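*Asks:* Take a look at the letters that make up each chain.
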Amino acid sequence: MAAPIALHLEFGGGAELLFGGVKDHQVTLPGQSQPWDMKQLLVWIRGNLLKERPELFVQGDTVRPGILVLINDADWELMGELSYELQDQDNVVFISTLHGG
Amino acid sequence: MCQVDEEYNEQLEKRTVPSVSQRCVKCKEGTAALIIRAGDAFCRGCFKDYFVHKFRAMLGKNRLIFPGERVLLAVSGGQASSSMLAQVQEGLSRNAPKKLRFTPGIIYIDEGGACGQSMEEREGVIAELETMFRATGYPFHIVHLEQVFDLPISVLEAVSSAPQRPEGSYKAAVEQFVQNARVKGSCSPGEGHMDPAVLDAQIQLSHLDTQDLANGTPPSSLQHQQDLERLFASVRTLTAKEDMLQTLRQHLIVHTARTKGYTKVMMGDSCSRLAVKLLSNISLGRGASLAVDTGFSDQRYGDVIIVRPMRDYSSKEIAFYNRMFGVPSIFIPGLDTKAPEKASIQHLTESFVTMLQADFPSTVSTIYRTSEKLHTARPPHSSEMETVAKCLLCLCALDTKEAEEASAFHATLVSERLSEKRVPESAQVGSASTADTVGQCCSSGVGQEGGCSSRGQGCCSSNLTPVTPDLKSLLCYSCRLTIKDMTGVESLPPYIVSEAERRHRRSQMKKEISEFLLDDEEDEVAAS
Numbered sequence: 001m002a003a004p005i006a007l008h009l010e011f012g013g014g015a016e017l018l019f020g021g022v023k024d025h026q027v028t029l030p031g032q033s034q035p036w037d038m039k040q041l042l043v044w045i046r047g048n049l050l051k052e053r054p055e056l057f058v059q060g061d062t063v064r065p066g067i068l069v070l071i072n073d074a075d076w077e078l079m080g081e082l083s084y085e086l087q088d089q090d091n092v093v094f095i096s097t098l099h100g101g
Numbered sequence: 001m002c003q004v005d006e007e008y009n010e011q012l013e014k015r016t017v018p019s020v021s022q023r024c025v026k027c028k029e030g031t032a033a034l035i036i037r038a039g040d041a042f043c044r045g046c047f048k049d050y051f052v053h054k055f056r057a058m059l060g061k062n063r064l065i066f067p068g069e070r071v072l073l074a075v076s077g078g079q080a081s082s083s084m085l086a087q088v089q090e091g092l093s094r095n096a097p098k099k100l101r102f103t104p105g106i107i108y109i110d111e112g113g114a115c116g117q118s119m120e121e122r123e124g125v126i127a128e129l130e131t132m133f134r135a136t137g138y139p140f141h142i143v144h145l146e147q148v149f150d151l152p153i154s155v156l157e158a159v160s161s162a163p164q165r166p167e168g169s170y171k172a173a174v175e176q177f178v179q180n181a182r183v184k185g186s187c188s189p190g191e192g193h194m195d196p197a198v199l200d201a202q203i204q205l206s207h208l209d210t211q212d213l214a215n216g217t218p219p220s221s222l223q224h225q226q227d228l229e230r231l232f233a234s235v236r237t238l239t240a241k242e243d244m245l246q247t248l249r250q251h252l253i254v255h256t257a258r259t260k261g262y263t264k265v266m267m268g269d270s271c272s273r274l275a276v277k278l279l280s281n282i283s284l285g286r287g288a289s290l291a292v293d294t295g296f297s298d299q300r301y302g303d304v305i306i307v308r309p310m311r312d313y314s315s316k317e318i319a320f321y322n323r324m325f326g327v328p329s330i331f332i333p334g335l336d337t338k339a340p341e342k343a344s345i346q347h348l349t350e351s352f353v354t355m356l357q358a359d360f361p362s363t364v365s366t367i368y369r370t371s372e373k374l375h376t377a378r379p380p381h382s383s384e385m386e387t388v389a390k391c392l393l394c395l396c397a398l399d400t401k402e403a404e405e406a407s408a409f410h411a412t413l414v415s416e417r418l419s420e421k422r423v424p425e426s427a428q429v430g431s432a433s434t435a436d437t438v439g440q441c442c443s444s445g446v447g448q449e450g451g452c453s454s455r456g457q458g459c460c461s462s463n464l465t466p467v468t469p470d471l472k473s474l475l476c477y478s479c480r481l482t483i484k485d486m487t488g489v490e491s492l493p494p495y496i497v498s499e500a501e502r503r504h505r506r507s508q509m510k511k512e513i514s515e516f517l518l519d520d521e522e523d524e525v526a527a528s
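Chains as they are written, first to last, in my numbering: chain A, 1 to 101; chain B, 1 to 528.
I should point out that these hints are in silico values taken from the structure, not numbers from a laboratory.
This one's a predicted model, so the numbers in the text were calculated from it and none came from an experiment.
Check before you lean on any hint, since a few could be wrong.
What the hints assert, rightly or not - Result set (DSSO-like, lysine-lysine): computed pairs, CA atoms no more than 30 Å apart in a straight line:
1. K264/B to K342/B
2. K48/B to K23/A
3. K342/B to K54/B
4. K23/A to K338/B
5. K39/A to K338/B
6. K51/A to K39/A
7. K171/B to K264/B
8. K51/A to K342/B
9. K171/B to K373/B
10. K510/B to K401/B
11. K264/B to K373/B
12. K28/B to K99/B
13. K51/A to K338/B
14. K484/B to K472/B
15. K484/B to K511/B
16. K338/B to K373/B
17. K342/B to K23/A
18. K264/B to K99/B
19. K98/B to K260/B
20. K98/B to K264/B
21. K342/B to K39/A
So here's chain A without its partners, still in its complex pose (with noise of 0.2 Å):
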């Protein structure tokens, strides 16, 4: 049983409109049998943050084409994307690319 982690959530280039248009947020993941990943982040996220239009944040199990995710200020691709285990405090960054947010 992995104790519960804070994470800190930030939401950029017109994703925060999604999340009520709020940029930052502070959470609390429960704690859990096995260690959080990033793919159960977006689930959860999708079920406790996301405000309105999940297809324009989620797709399929991952984040929707166009949205660049930072984990610790590090691109996401060079820690396991969907499979990078989160630690307690981390920074995750979503910034939308595209036109309109």
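On the provided structure of chain A, position chain B as indicated by the hints.
*Replies:* The following block gives chain B in isolation, referenced to the frame of chain A:
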């Protein structure tokens, strides 16, 4: 082809998966912070150098911006244009050998009126942008989209291009400039090439400027606000709305550049953006003007040249740079914000390209390289600038003038004409080709008075000169489609309508006096 890609993907994965502690491909020391292009991991420092160098290399390679020239930076507040502004600042501030040497100014077009933003939202955004622009110290101009209703006719005339500077003069100009700077520098070090007094005056001027706009006519008169709303309400599809917005924005930028004495305009189109633009423009029927729409430089306006220095950067690079190095940008909701995927051709193309890019990382660069190779058949700086007919709206060379008998375009025209003839009333007004627009004007004019009659002429006052001028014959294929998506042309800004009338009068006059003119061709034959 597919097989090649599959292998390539596998390779990519093999390289990137065990890469949590991957090293930078450039310096081999720093910890990689991001991946650009297929699998190239860069560290923070190397990425910065790479990014900064690319901007200057782009300008250096093209040799289009002369030292001391006044350049207007079109900044929308978005990531790409804000990044462009930061690059210009960086290039002008440091004392490197490859220092930029032009004098910048900033323009922001407030489109809130067309995108349905409230007054408070717009004011908030403008206040935020003002602080951002003021921090740069460059003069800035904040223009509201409503001001298109005050534009003069002259916007739509392509001024015959400024005397072409001969090849090789760039080097001479640079040397001259450097020498001048050295002389100046010896008496007033610090500012480099710019006289501090001049700079101060410029800043003051710009402040006056914006204050004028802010206080004099708070964003714009109510009348124009309604006019703008009516204009965009009359456009039926989002595709046409985006196209119309783009056209009007471009007119405002060019007009501001001309009146404030700028000779170049920098736009922040990234290569991701241009790839989308290329494909969507083809779908919109703008194939004939792809080269000017997406190339590095765009000389369609003659005296003001549009350049796109960000066209080598992908939107990912830009977003990462802005994030890592604290470049401020502001997100302003636009027409297509939160729109469903299929809302407009432009929007659909964008999601198509980004989706393809996610699976095939070279999609954008392949499309973009194609755009680099495009050229217009007619050299843009031909001496017969005047004789080339230009589209009323986008000012590109008309591709609809002489339709060949066997072309699809000709077939469309014929079928349009045939279907119009079935409506006897509208066919009687004017010639067959103008019947359509006149009919539209009459029918919609009943519902919305003011639009037609405010221009001083009754809707059906005379059959000889249609009041709503036949815009179609003055437009290129794509702009025709946009106008077709409007319920009526009477809500267009006055400068477009009066220019159309003027062009019609002119061609009519030409027809009338044509018998008395010596034919150019005959003349040439006689001379030879």
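*Asks:* State for each hint whether it applies.
*Replies:* Going through the hints against the structure:
1. K264/B to K342/B: violated (35 Å)
2. K48/B to K23/A: Holds, because 26 Å separates the two Cα atoms, which is no more than 30 Å.
3. K342/B to K54/B: violated (35 Å)
4. K23/A to K338/B: holds (16 Å)
5. K39/A to K338/B: holds (24 Å)
6. K51/A to K39/A: Within the cut-off at roughly 19 Å; holds.
7. K171/B to K264/B: Holds. K171/B to K264/B sits at ~19 Å (cutoff 30 Å).
8. K51/A to K342/B: The hint holds at about 21 Å.
9. K171/B to K373/B: At roughly 26 Å apart (the allowed maximum being 30 Å), K373/B and K171/B satisfy the hint.
10. K510/B to K401/B: holds (16 Å)
11. K264/B to K373/B: Distance of about 23 Å is within 30 Å: holds.
12. K28/B to K99/B: Holds, at about 28 Å.
13. K51/A to K338/B: holds (12 Å)
14. K484/B to K472/B: holds (9 Å)
15. K484/B to K511/B: holds (27 Å)
16. K338/B to K373/B: violated (34 Å)
17. K342/B to K23/A: This hinted pair holds, its Cα atoms lying about 27 Å apart.
18. K264/B to K99/B: Holds. K264/B to K99/B sits at ~18 Å (cutoff 30 Å).
19. K98/B to K260/B: Status holds; Cα separation ~27 Å.
20. K98/B to K264/B: holds (20 Å)
21. K342/B to K39/A: holds (27 Å)
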